[in-house]
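Trainee: Sequence lines, in order, name chains A, B and C. Under our numbering, the first residue of the first sequence carries the number 1, and numbering increases by one thereafter. Under our numbering, the first residue of the second sequence carries the number 1, and numbering increases by one thereafter. Under our numbering, the first residue of the third sequence carries the number 1, and numbering increases by one thereafter.
It cannot be assumed that every hint is accurate.
Claimed, not checked - Using C-beta positions, here's what the derived DEER-type ranges look like:
1. B/G57 to A/V173: 46 to 54 Å
2. C/I732 to A/E230: 48 to 56 Å
3. A/N246 to C/K393: 34 to 42 Å
4. B/D56 to C/L627: 35 to 43 Å
5. B/N120 to A/E145: 36 to 44 Å
6. B/D83 to C/G572: 38 to 46 Å
7. A/D242 to C/R733: 43 to 51 Å
8. A/V173 to B/E119: 24 to 32 Å
9. A/E41 to C/R145: 46 to 54 Å
10. B/N120 to A/D88: 16 to 24 Å
11. B/S74 to C/S470: 20 to 28 Å
12. B/D56 to C/D564: 32 to 40 Å
13. B/D56 to C/A433: 50 to 58 Å
Claimed, not checked - Okay, the calculated bits of chain A under chain C, using three or more residues with CB under 8 Å as the criterion:
14. 188-198
15. 262-270
Said to hold, decoys possible - List of simulated lysine-lysine pairs, DSS-like, C-alpha gap at most 27 Å:
16. C/K408 to C/K5
17. C/K393 to C/K444
18. B/K86 to A/K98
19. A/K79 to B/K86
20. C/K393 to C/K408
21. A/K98 to C/K623
22. A/K10 to B/K86
Just so you know, these hints were derived from the structure itself, not from any lab. Don't be surprised by glycine CBs; every beta carbon is placed ideally from N, CA and C.
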Amino acid sequence: MQDFSYIAAKTIPEAVALLDEKGESARILAGGTDLIVQVREARRDVDWMIDIKSIPEVNVLDYNAATGLTLGAAVECYKIYADDAICDAYPSLIDATKIIGGTAIQGRAGVGGNLCNASPAADGIPPLIVLNASCVIAGPNGEREVPAEDFCTAPGQTVLAKGEMLVSMKIPVPASNSSSYYLRFIPRNEMDIAVVGAGAAVTLDAAQETIISARIALAAVAPTPLFAEEASALLAGQEVSDEAINAAAAAAQAIARPISDMRGTAEQRTHLVGVLTRRALNGAIQRVREAT
Amino acid sequence: MARRSHVQTTLNGETVEFLCEPRQSLLEVLRDELHLTGAKEGCNNGNCGACSVILDGRLVNSCLVLGVETEGKSVETIEGVADPDKLHPIQDAFLENAALQCGICTPGFIMSAKALLDENPNPTEHEVRYWLAGNLCRCTGYDKIVRAVLDAAAAE
Amino acid sequence: MLENKEYKVIGTRPIRHDGVDKVTGRALYGADFQAAGLLHGRVLRSPHAHAHIISIDTSRAEALPGVKGVVTAKDLPNPGDKIADLGEGAVNLKHLCDNILASDKVLYKGHAVAAVAATNPHIAEEACTLIDVEYEVLPPVLEVRQAMESDAPILHDTIRTTSLGETGDEPSNVASHIQHKLGDPEKGFAEADVIIEREFVTGTVHQGYIEPHNATAHYNADGQLTIWCSTQGAFTVREQVAEILQYPISKIKVVPMEIGGGFGGKISVYIKPVAALLAKKTGKPVKVLMNRADVFEGTGPTPASYIRVKMGATKAGKLTAAQAYLAFEAGAYPGSPVGPGAMCIFAPYNIENVIIDGYDVVVNKPKTAPYRAPGAPNAAFGSETVVDEIAEKLGIDPLEIRLLNAAKEGDRRADGPVHPRIGCIETVEAAKAHPHYTAPNGKKHHGRGVASGYWFNIGLESSVTINVNSDGTINLIEGSTDIGGTRASIAMQAAEVLGIPAESVNPSVVDTNSVGYTAVTGGSRTTYATGYAAYEAAQDVKQQMIARAAKLWEVDAANVQFADGEFSSINGKEEQISFRDLCARLGETGGPIVGSGTVNPGGAGGAYATHVVDVVVDEETGKVDILRYTAVQDAGKAIHPSYVEGQIQGGAVQGIGWALNEEYIYNAEGEMTNASFLDYRMPTCLDLPMIDAVIVEVPNPGHPYGVRGVGEVPIVPPMAAIANAIYDAIGIRMTELPMSPDRLLKAMGKI
Chain A
1 MQDFSYIAAK
11 TIPEAVALLD
21 EKGESARILA
31 GGTDLIVQVR
41 EARRDVDWMI
51 DIKSIPEVNV
61 LDYNAATGLT
71 LGAAVECYKI
81 YADDAICDAY
91 PSLIDATKII
101 GGTAIQGRAG
111 VGGNLCNASP
121 AADGIPPLIV
131 LNASCVIAGP
141 NGEREVPAED
151 FCTAPGQTVL
161 AKGEMLVSMK
171 IPVPASNSSS
181 YYLRFIPRNE
191 MDIAVVGAGA
201 AVTLDAAQET
211 IISARIALAA
221 VAPTPLFAEE
231 ASALLAGQEV
241 SDEAINAAAA
251 AAQAIARPIS
261 DMRGTAEQRT
271 HLVGVLTRRA
281 LNGAIQRVRE
291 AT
Chain B
1 MARRSHVQTT
11 LNGETVEFLC
21 EPRQSLLEVL
31 RDELHLTGAK
41 EGCNNGNCGA
51 CSVILDGRLV
61 NSCLVLGVET
71 EGKSVETIEG
81 VADPDKLHPI
91 QDAFLENAAL
101 QCGICTPGFI
111 MSAKALLDEN
121 PNPTEHEVRY
131 WLAGNLCRCT
141 GYDKIVRAVL
151 DAAAAE
Chain C
1 MLENKEYKVI
11 GTRPIRHDGV
21 DKVTGRALYG
31 ADFQAAGLLH
41 GRVLRSPHAH
51 AHIISIDTSR
61 AEALPGVKGV
71 VTAKDLPNPG
81 DKIADLGEGA
91 VNLKHLCDNI
101 LASDKVLYKG
111 HAVAAVAATN
121 PHIAEEACTL
131 IDVEYEVLPP
141 VLEVRQAMES
151 DAPILHDTIR
161 TTSLGETGDE
171 PSNVASHIQH
181 KLGDPEKGFA
191 EADVIIEREF
201 VTGTVHQGYI
211 EPHNATAHYN
221 ADGQLTIWCS
231 TQGAFTVREQ
241 VAEILQYPIS
251 KIKVVPMEIG
261 GGFGGKISVY
271 IKPVAALLAK
281 KTGKPVKVLM
291 NRADVFEGTG
301 PTPASYIRVK
311 MGATKAGKLT
321 AAQAYLAFEA
331 GAYPGSPVGP
341 GAMCIFAPYN
351 IENVIIDGYD
361 VVVNKPKTAP
371 YRAPGAPNAA
381 FGSETVVDEI
391 AEKLGIDPLE
401 IRLLNAAKEG
411 DRRADGPVHP
421 RIGCIETVEA
431 AKAHPHYTAP
441 NGKKHHGRGV
451 ASGYWFNIGL
461 ESSVTINVNS
471 DGTINLIEGS
481 TDIGGTRASI
491 AMQAAEVLGI
501 PAESVNPSVV
511 DTNSVGYTAV
521 TGGSRTTYAT
531 GYAAYEAAQD
541 VKQQMIARAA
551 KLWEVDAANV
561 QFADGEFSSI
571 NGKEEQISFR
581 DLCARLGETG
591 GPIVGSGTVN
601 PGGAGGAYAT
611 HVVDVVVDEE
621 TGKVDILRYT
631 AVQDAGKAIH
641 PSYVEGQIQG
651 GAVQGIGWAL
661 NEEYIYNAEG
671 EMTNASFLDY
681 RMPTCLDLPM
691 IDAVIVEVPN
701 PGHPYGVRGV
711 GEVPIVPPMA
721 AIANAIYDAI
731 GIRMTELPMS
741 PDRLLKAMGK
751 I
């Protein structure tokens, strides 16, 4: 493993100043479950690891039924799914946090790190997209917010500029008669990286028969996790039906641009986008209906 | 080379100090600096669980933690599980159930099972299997391991 | 015939002797070895699957601070054309040496090229990146049928095909062709009412032991070389290192540390000679560890294969003829397990007319190594699938057709040997009688499959020494490394002879200087052969103890008998003394007692297994889940039933992994793209149900307690059983392993 220096930053300004000074050679260390492996396997060149876990703002986990969820960038998966109110409000996020790695990984890894690692196959990102999450970024010029679907720009690349770091993700209060669902396809039942992932959030009318709005997001079928905007829009105003869901699934398949690799073939992935989009939508709809 | 850092941590209830390079994982520190070789390296990338330890009450892969990160924290390893004259019920259950063959994965499984039972003293078979999915065993087919954990839960 | 009788110790389930060490983290495995002044070694591996080595420049690596030594193939003695005899057949010494450190050519990605010793492992790793190797890259050959083409790139200019005693003229990738023939296959097929012929492809799979290879070596000033390592056989390490380094075995001591799994993969040496070279060069102890990618890319997996099977049967279900074509990838150097595959393929059946052709073919992948019943699982995937299809065609229950044709004592295997007493019929009958087989299974996309399997097992040499302690316990010294509880199963056999509890035996696995020659823990031989040696050593102790009792009582030894742990005098004097009490009186009756036993038994006895599996197939994703699994096996006599069950369960689960997801995935350049536990997908506990292990006991006449080896045969049936279950679920015959979701989707026409 290459040699590097380690600094535990205590405040956001300290971390930002370090990132600004060290530039490309610095990397934020949160859970480390991706970063440490990447450096160890010489897939990422890092001279400075800046540990942010002592910074209070990145450890915030605050859900308020009036204002929504603030999810600090370093909050570990296990803390998220241990919170019943968050489980009720954002079930797709919970689906994802329970399948990122095994139990030991979930003790360290968080959704913020999953986002910043910017893997096309990240399980944590489709839920953020379908839940309309906003990413709070701190930098030398202050704070800015970026929608989750715009955060990743390429495999391993994000919108974070020199000196910038992710502080938290803000997720709005879910609408009434809404729910969400995330699932992935893997050959085993745990420990694999998604061959394809699909998340869906739906808001139904009071009768729970008509879809008011929906958001669909996909993983592992493009260089970044995708917001399936057209597929989502197709569902607005539609009655819940196999036809509507199949049409959305077909639209989701149309934007998939998968590759073939050791985890799956392009044809397999395109096929699975259809299957998983249907299952995610049906899962979300079922959750709305079961909740009442 | 980065300077070796001085780290103070609580290890199996005792305060310990060590020097380590930032690139040394907690697993390397335990094994090479502190000579606690119960945690094993099976994959060194978080996919086998042979290096499982409990860090501040939470199960982690020690290969994915830097030694320097443990400053001021508490680390539990397999070496601290048994009392001097009495095994932990999980250890007894592993022996009674013949839940080990080569034994290389056993310390990791026991740490993982301990973290499970500390949190959920009465898990179902499915909960045990879900929790232990990050620990690979190639010898047993897991049957006797799952039974041992369920037995230990019943015994506690 | 040996009766299946009740014993006092055998058949019970004591706590294994090394158990407490292993649940407390105290047991010392190879990588746990520490020594003062230890250096850390790291191996540089080829990035290319096939290339000439033009030059190697180590100067930049040697200049790195902390580096203490660098070695390449130039540091190995020139092997010339010598054939090494390692006790298990002749091996070309150049091939053996070149697989340790490549001299002129690299033949797979991951092939060792050079190695560094440094003051810490990170420096050693960095130094490897500073070794400049110039390659002339050649096109790789990555698949057995491609390698057999006449225009395929040739790996070795020196290999000529040996075929049925003849040697070819031209260089070839086909190292050898073997054939077994029984009866008149043409006539047999003519008699058949139904003939099924299918072709099968299986992927390269790895043993997947959790502990990577490791070795620490040290040269003393007097030339004494000591190697501490994890291995399935300390003595074979000594032999291999002696051949590779051309160093006398008397100057080599191999200390077997605890071993974290092997399954056949820790018999061949890889880094042990490298550690020795580095130790010699630096004068310090050097520890070399593989990482997980090294293990996948640089050690022997078990071969991919192409198989054709043709079988014929009468309407009544009698198998009249069978034919098999087995082409196995040997990897970079000859020596695939196509031979054992050919021995096992039709062995569950008594078929009068058989022809089997086997081909050993080199390809640009790591030199294959044994893996649990090597060769048999590949072969059985083909034959057991075809038998299932014949049963279906004839409308006969698949277990019934196996019973109709089951091999039994006196039948001849296609490769010649006549079966001794075997338990083939008994395992099929037990599977048929098991509640699993008759449980309802009518749900959509649920399926049930069965398959049988055979492994011949081996005997080979084992030595045991027993030292009697004054407190009535014994110290049992053995050379078999304990991978799965064999300290207990061996100790129990000595305890049974001496009428003492298993806990009164202290077993120790010791180094090559401290016990008689003992072959590897492999071939399902350890509880059988080393257990046999322990039996003999205990008999030796018993006889010596009888003599002591006779001396004590001043009677003739012939008038002393021993039963249930008590010596007693017969024919006259009324005397009795327990084993324990007599142990306390050894000093006064002549001094310490040491018993010894050495064996090389021929009657290993074959092992049979029949498995029943229920699966559910997700028709939309192609994913197969295992719902229920029952594995029936003949253990001869189960010494420690828990560890016999463990072997059965573990073998079945490795088979499940092989069946569903495990394979080496290669790109066009010959690089393995999934060399990690993340992407080489071995089963986790969430992928499995409980595995119901059913032990059948048909005592083996070749062992005093009837033991048969149990370790290997459980991996033979799973692939075919699962394929047959998938067919039952969705009506599609899968003929390629693994039966991964993408392959099922393709077979179902979904993609």
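Trainee: Does each hint hold? Answer for all of them.
Mentor: Taking the hints in turn, this is what the structure says about them:
no.	hint	result
1	B/G57 to A/V173: 46 to 54 Å	violated (31 Å)
2	C/I732 to A/E230: 48 to 56 Å	violated (35 Å)
3	A/N246 to C/K393: 34 to 42 Å	holds (39 Å)
4	B/D56 to C/L627: 35 to 43 Å	holds (39 Å)
5	B/N120 to A/E145: 36 to 44 Å	holds (38 Å)
6	B/D83 to C/G572: 38 to 46 Å	violated (55 Å)
7	A/D242 to C/R733: 43 to 51 Å	violated (32 Å)
8	A/V173 to B/E119: 24 to 32 Å	holds (30 Å)
9	A/E41 to C/R145: 46 to 54 Å	violated (34 Å)
10	B/N120 to A/D88: 16 to 24 Å	holds (20 Å)
11	B/S74 to C/S470: 20 to 28 Å	violated (47 Å)
12	B/D56 to C/D564: 32 to 40 Å	violated (56 Å)
13	B/D56 to C/A433: 50 to 58 Å	holds (53 Å)
14	188-198	holds (count 7)
15	262-270	holds (count 7)
16	C/K408 to C/K5	holds (22 Å)
17	C/K393 to C/K444	holds (22 Å)
18	B/K86 to A/K98	violated (35 Å)
19	A/K79 to B/K86	violated (33 Å)
20	C/K393 to C/K408	holds (25 Å)
21	A/K98 to C/K623	holds (20 Å)
22	A/K10 to B/K86	violated (42 Å)
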